[in-house]
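Protein chains in written order, with this note's numbering: chain A, 8 to 120; chain B, 363 to 477.
Hints may be right or wrong, so weigh each one.
Derived contacts from chain B toward chain A, CB cut-off under 8 Å, selection only [unchecked claim]: (1) Phe451; (2) Pro455; (3) Tyr462; (4) Lys464; (5) Leu465.
As a list, the in silico SDA-like pairs of lysine to any residue whose alpha-carbon atoms are at most 20 Å apart [said to hold, decoys possible]: (6) A/Lys77 x B/Tyr462; (7) B/Lys404 x A/Arg29; (8) B/Lys404 x A/Lys77; (9) B/Lys384 x A/Pro46; (10) B/Lys384 x A/Gly47; (11) A/Lys77 x A/Ser90; (12) A/Lys18 x B/Lys399; (13) B/Lys404 x A/Arg51; (14) A/Lys18 x B/Tyr462; (15) B/Lys404 x A/Pro46; (16) B/Lys419 x A/Gly47; (17) B/Lys399 x A/Pro46; (18) B/Lys404 x A/His31.
Far from chain A by the CB rule (all over 10 Å, computed), these chain B residues [said to hold, decoys possible]: (19) Asp379; (20) Ser388; (21) Asp411; (22) Thr466.
Hints listed in this document are in silico derivations from the structure and should not be mistaken for laboratory results. Glycine is no exception: its CB is placed at the ideal position from the N, C-alpha and C atoms.
Residue-level listing of the chains:
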Amino acid sequence: DAGITQSPRHKVTETGTPVTLRCHQTENHRYMYWYRQDPGHGLRLIHYSYGVKDTDKGEVSDGYSVSRSKTEDFLLTLESATSSQTSVYFCAISLTSGSNEQFFGPGTRLTVL
Amino acid sequence: GENVEQHPSTLSVQEGDSAVIKCTYSDSASNYFPWYKQELGKRPQLIIDIRSNVGEKKDQRIAVTLNKTAKHFSLHITETQPEDSAVYFCAAPFAGGTSYGKLTFGQGTILTVHP
């Protein structure tokens with residue numbers, strides 16, 4: 008599993024509340040990614056990181072922010088959750104520098120009521 | 363960025379039959395094409411990949427073929443078994459510049475293998 012964990016694994020929250028999801032890796036990988044998975048859309052990239060404090064937007068970044076203050080943790084924040092952000096969120100890492108081979112964490116199921 | 367189209371969206375086969383899933387991509391510079399399998403409630407897992415310097419790659423009952431001219435690649439599963447039932451995703455690298463390992467995924471194919 009490439010040493011990737013996500014927390015929490017399940018969360019139910021209300022519209023308008025802030026939510027932070029955590030991705031933790033133990034193997035010092037430089038590249039990390041956040042995806043959301045929705046039926047009919049596959050996996051869509053939200054944000055990614057190419058190093059500590061180096062992050063950039065993916066294809067569906069509106070309403071999300073990220074931070075990476077240390078190599079092992081990549082945080083995804085929904086500043087004010089909306090029902091459209093109900094989804095399963097996956098974190099992923101690349102095993103080698105610049106490689107496209109990605110390995111995924113176990114996922115977080117988020118429900119926004 | 364890259365545009366990846368995956369077909370079919372659902373595929374139903376009898377145990378022992380073959381299954382083929384096809385993806386097309388838009389960026390002729392793309393050079394890496396992975397396939398992921400996702401079982402219900404689990405994470406996507408890399409099952410096979412191919413790089414643009416080869417046309418076919420096999421691993422036991424699964425194979426991937428790549429046609430760079432036509433810009434499509436396919437997953438082939440032979441002698442299907444019920445445990446092959448899952449959602450399968452193809453992917454291709456984001457186009458242009460330094461991709462930082464980013465991938466664009468297809469929409470997924472739900473494969474059901476009937477005993």
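Status of the hints after comparison with the structure:
Residue-level restraint check for B/Phe451 holds (minimum Cβ-Cβ distance to chain A is 6 Å; threshold 8 Å). With 8 Å as the threshold, the beta carbon of B/Pro455 comes within range of chain A, its nearest partner Cβ sitting at about 5 Å, so the hint holds. Given hint, B/Tyr462 at the interface with chain A, holds; its Cβ is 5 Å from that chain's nearest Cβ, closer than 8 Å. The interface hint given for B/Lys464 holds, since its Cβ lies 6 Å from the closest Cβ of chain A, which is under the 8 Å cut-off.
Taking 8 Å as the C-beta contact cut-off toward chain A, the hint placing B/Leu465 at the interface holds, the least distance being around 6 Å. This hinted pair checks out: A/Lys77 and B/Tyr462 have alpha carbons roughly 18 Å apart, not beyond 20 Å. As the CA atoms of B/Lys404 and A/Arg29 are separated by approximately 18 Å, the hinted pair is consistent with the 20 Å bound. Straight-line distance between C-alpha atoms of B/Lys404 and A/Lys77 comes to about 27 Å, which puts the hinted pair past the 20 Å bound.
At roughly 19 Å between alpha-carbon atoms, B/Lys384 and A/Pro46 fall within 20 Å of each other, so this suggested pair holds. At most 20 Å may separate the alpha-carbon atoms for a hinted pair to count; B/Lys384 and A/Gly47 meet this at roughly 16 Å. Restraint check: the Cα-Cα separation between A/Lys77 and A/Ser90 comes to about 30 Å, which exceeds 20 Å; the hinted pair is violated. Between the alpha carbons of A/Lys18 and B/Lys399 the distance comes to roughly 25 Å, so the proposed pair goes past 20 Å and is violated.
For a cut-off of 20 Å, the pair hint linking B/Lys404 to A/Arg51 stands: about 17 Å separates their Cα positions. In summary, the hint linking A/Lys18 to B/Tyr462 is not supported, as the alpha carbons are separated by about 30 Å, beyond the 20 Å threshold. For the proposed pair B/Lys404 and A/Pro46, the alpha carbon gap of about 15 Å is at most 20 Å, so the pair holds. With a C-alpha separation of about 28 Å, the suggested pair B/Lys419 and A/Gly47 falls outside the 20 Å cut-off, and the hint is violated.
The straight-line distance between the Cα atoms of B/Lys399 and A/Pro46 is roughly 15 Å, inside the 20 Å bound, and the hint therefore holds. The suggested pairing of B/Lys404 with A/His31 holds, with an alpha-carbon distance near 18 Å, which does not exceed 20 Å. Chain A leaves B/Asp379 outside its interface by the beta-carbon criterion, the shortest separation being 25 Å against a cut-off of 10 Å. No Cβ of chain A comes within 10 Å of the Cβ of B/Ser388; the nearest lies about 14 Å off, and the non-interface call holds.
Consistency note on B/Asp411: stated as away from chain A, yet its beta-carbon is not over 10 Å from all of that chain's, at 7 Å minimum. Under the 10 Å C-beta cut-off, the non-interface status given to B/Thr466 relative to chain A is violated; the minimum distance is some 8 Å.
When held up to the earlier numbered hints, the structure conflicts with 8, 11, 12, 14, 16, 21, 22 and fits the remainder.
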